[in-house]
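Peer 1: The lines below spell out each chain.
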Amino acid sequence: MGLLDKKYHDSNIIIVSLESALNWARKSSLWYEQFGLACCAIEMMATAASHYDFDRFGIIPRSSPRQADVMIVAGTVTMKMASRIERLYEQMSEPRYVISMGSCSNSGGPYWEHGYHVLKGVDKVIPVDVYVPGCPPRPEALLEGFLTLQKKIENESIIESKPSDKITEEADRHETT
Amino acid sequence: MKQPEEIAAYLKDKIVKGVLEFVPAEIGQPWITLAPDSIKNIAKFLRDDSELRFNTLMCLSGVHYPAEQELGVTYHLHSTTFGHTVALKVRVPIDNPRVQSVESVWKTADWHEREAWDMLGIIFDGHPNMTRILCPDDWEGHPLRKDYVQQETYQGITTRF
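Chains as they are written, first to last, in this note's numbering: chain A, 1 to 177; chain B, 1001 to 1161.
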């Protein structure tokens, strides 16, 4: 605070770095894209309902990818759906995050060997920030996924992106597709 | 209300062509085997006849018989007027799997026949829109055939783990 300390007598003024203010704003209003693919979506709905109450973290559903910050891939991604998921992801404005919810979108789940029509992990088409295991994951698990994502956002920097972040993921993605 | 064997006898009596045999199953429901090129006429008769009134197609499913090199279609009919039920079966060779469409008789058959085409490759002559229903349009092969081999890539994405 140094020079600026005690210059402002109005108690409503808080001085922080831009970066932490941005990160705080981003992590506290993670609006997610409202769509579900399979039974995981039921757990996602349960997480959003009053008992687990997503909203206390500022997490609310949006019906348009253009208004959403985070995509929850909640369920089995079929080959037919893969290109649609990719398009929805591309329609989201940056910064954008992806939570892969449940075994199916993590790795193909129960269809990993004999499911001819199932994409073996949504990370084959879009970069994933947080994987939530379970079949389907309980609401607590999805909440923990969001808390993990919040931690990741807290450590982001506007100066330069760290090698572990988007740039390499984007590069990986173009290699595989 | 008629029993399946009564329905079969009635059908044989009324229709000369296409009713092949009545099969009393040891377990489960008995069925009537029909010729694939007369199924549509028989279906119309089953629906409209005043003593049968099969107004509902409960299910239409495709079957693959790898030992006989044949494909089959099974029809389950129900009459809400009389409360009786019957199963019909049709068999076609796998190298020319053509069955008459019953879409014009029961609208239920529309999507069911598309599914049988998608999953097993049975062609329904006279269907207004014989396209895939579950798999994407550019999918290769018919997944429910016993000798189906999954394609390695789809639109550049590997299909295996």
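No wet-lab data here; the hints were simulated from the structure.
All C-beta atoms in this analysis are idealised placements derived from N, C-alpha and C, irrespective of residue type, glycine included.
Just to be clear, a hint being listed does not mean it is correct.
What the hints assert, rightly or not - Partner residues are not named here, just some residues of chain A that face chain B (Cβ under 7 Å, in silico):
{"#": "1", "residue": "Met79"}
{"#": "2", "residue": "Tyr116"}
{"#": "3", "residue": "Lys124"}
{"#": "4", "residue": "Lys152"}
Stated by the list, open to error - Rough simulated footprint, nothing fancy, chain A against chain B, three-plus residues with beta-carbon under 8 Å:
{"#": "5", "region": "1028-1035"}
{"#": "6", "region": "1060-1074"}
Stated by the list, open to error - Every beta carbon over 12 Å from chain A, so not counted as near; a handful from chain B, in silico:
{"#": "7", "residue": "Glu1051"}
{"#": "8", "residue": "Arg1091"}
{"#": "9", "residue": "Ile1094"}
{"#": "10", "residue": "Asp1095"}
{"#": "11", "residue": "Asn1096"}
{"#": "12", "residue": "Arg1132"}
{"#": "13", "residue": "Leu1134"}
{"#": "14", "residue": "Thr1153"}
Peer 1: Give a verdict on every hint.
Peer 2: Outcome of the hint check:
1. Interface hint at methionine 79 of chain A: satisfied, since its Cβ lies 5 Å from the closest Cβ of chain B, which is below the 7 Å cut-off.
2. For tyrosine 116 of chain A, the interface hint holds, the least distance from its beta-carbon to any beta-carbon of chain B being 4 Å, beneath 7 Å.
3. Annotation: lysine 124 of chain A was flagged as interfacial toward chain B, and the flag holds, the nearest CB pair being 6 Å apart, inside 7 Å.
4. Because the closest C-beta pair between lysine 152 of chain A and chain B is about 26 Å apart, greater than 7 Å, the hint is violated.
5. Three residues within the 8 Å Cβ limit are the bar, and the region 1028-1035 of chain B against chain A gives 0, so the coverage statement is violated.
6. Coverage of the region 1060-1074 of chain B by chain A is violated. Counting CB-CB distances below 8 Å, 0 residues qualify, and the rule asks for three or more.
7. The beta carbon of glutamate 1051 of chain B sits about 44 Å from the closest Cβ of chain A, which is more than 12 Å, so the claim that it is off the interface holds.
8. The Cβ of arginine 1091 of chain B lies farther than 12 Å from every Cβ of chain A, with a closest approach of about 26 Å, so its non-interface assignment holds.
9. At the 12 Å boundary, the C-beta of isoleucine 1094 of chain B stays outside the reach of chain A, the nearest C-beta of that chain being 20 Å off.
10. Distance to chain A confirms aspartate 1095 of chain B as a non-interface residue, since its nearest Cβ pair spans about 23 Å, more than 12 Å.
11. With 12 Å as the threshold on Cβ separation, the claim that asparagine 1096 of chain B sits away from chain A holds: the shortest Cβ distance comes to roughly 26 Å.
12. Consistency note on arginine 1132 of chain B: stated as away from chain A, yet its beta-carbon is not over 12 Å from all of that chain's, at 10 Å minimum.
13. The Cβ of leucine 1134 of chain B does not lie farther than 12 Å from every Cβ of chain A; its closest approach is about 8 Å, which violates its non-interface assignment.
14. Against the 12 Å criterion, threonine 1153 of chain B falls within the reach of chain A, whose nearest CB is about 10 Å from its own CB.
This entry does not satisfy hints 4, 5, 6, 12, 13, 14, going by the numbered hints stated previously.
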